[in-house]
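Asks: Order-wise, the sequence lines are chains A and B. Heads up: the first sequence begins at 1 in the numbering used here, then just goes up one per residue. Heads up: the second sequence begins at 1001 in the numbering used here, then just goes up one per residue.
Quick caveat, the hints were computed from the structure, so don't treat them as lab data. Heads up, a few of these hints could be off.
[Unchecked claim] With the Cβ distance kept under 7 Å, some of the chain B side facing chain A (calculated, not the full set): (1) L1038; (2) S1083; (3) N1115.
[Unchecked claim] Covered stretches of chain B, going by a simulated chain A footprint (3 or more residues, C-beta under 8 Å): (4) 1014 to 1020; (5) 1065 to 1079; (6) 1089 to 1098; (7) 1132 to 1143.
Cβ coordinates follow ideal geometry from the N, Cα and C atoms, glycine included.
These are the residues of each chain, in order.
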Amino acid sequence: MIDFIHSLSQLLVYVFLLTGIYFLFSTALGMIRFPDFYTRLHAGSKCLMAGGIAVLMGCIVLEGIGFVSLKLIVLILFLVITNSIAIHVIASFADNYNILPKTIVENDSDE
Amino acid sequence: MKKILLFLITLALWFVFAGRVTIEVFLLGTIICSILSLMFVDNGFKLVQMKYETKEFLLKIYYILLVIISFIYDVFLSAVRVSRHAFEIKPSFSPRTVRIKTSLENTNSMAMLINFITLPQGTLAMDFDNLSKNYFIHWIDVHSDDEAEIKKARISKHENLVSKLFG
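With the hints as constraints, model all of the structure from the sequences given.
Replies: In structure tokens form, the structure reads like this:
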């Protein structure tokens, strides 16, 4: 029974870490392949966030219940708060300095 | 009282990060946390609204936990959509910028709504106009007007949720 739980947690760790690797890789790929600043920010915000959370969740499962896991949960909370604020500030800066998207943008902001 | 409360909270966080409780960690933590609590006592407590009863407060913490879990789930869904575009041979985008008016008054609620817009749903909060209370939002993948309306409705749903939680 203990072996089963142990192998299940190991499987969960691998799933989390592989998901994290996938999202972090897609962040890098999106940064290179996406056409303009704002779409790159989408890759930099969503995929990076999901990748970071997945890797940290994997570490939490690997570590089990303990002090280190508590630290990792605090890290996830900080990541949730700070990532979106940082991305919003970068986007706001770009918007204020009139950095325009390269792709055709349908704009209904003047409705 | 506020200073002591902030000192205790920061000291608890200090012990969590330090990972061990020794006299050296305690002394260094005391010095740093007392400086921090003196610096942030005025601004820190402006953010906390102490108008709730204890039961309501606990219920609110429970709801905030639920919101964080659903937020993380939304982030994963959104990341899957964006990463799919990254792996496409010819990435097909249909970006759009829109302006959405908000009825929120509280500064904390507005900041929370920016978090809710920036991470889930493939949206990105570009700017916020303080005078007219308008959010400028960039969407990565909106193909039709119907889809745009659905996404706007989802944002207003999040707005209601944030206004219920943070006022």
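Asks: Return the numbers of the hints above that this structure violates; sort them in rising order.
Replies: Violated hint: only 1; rest satisfied.
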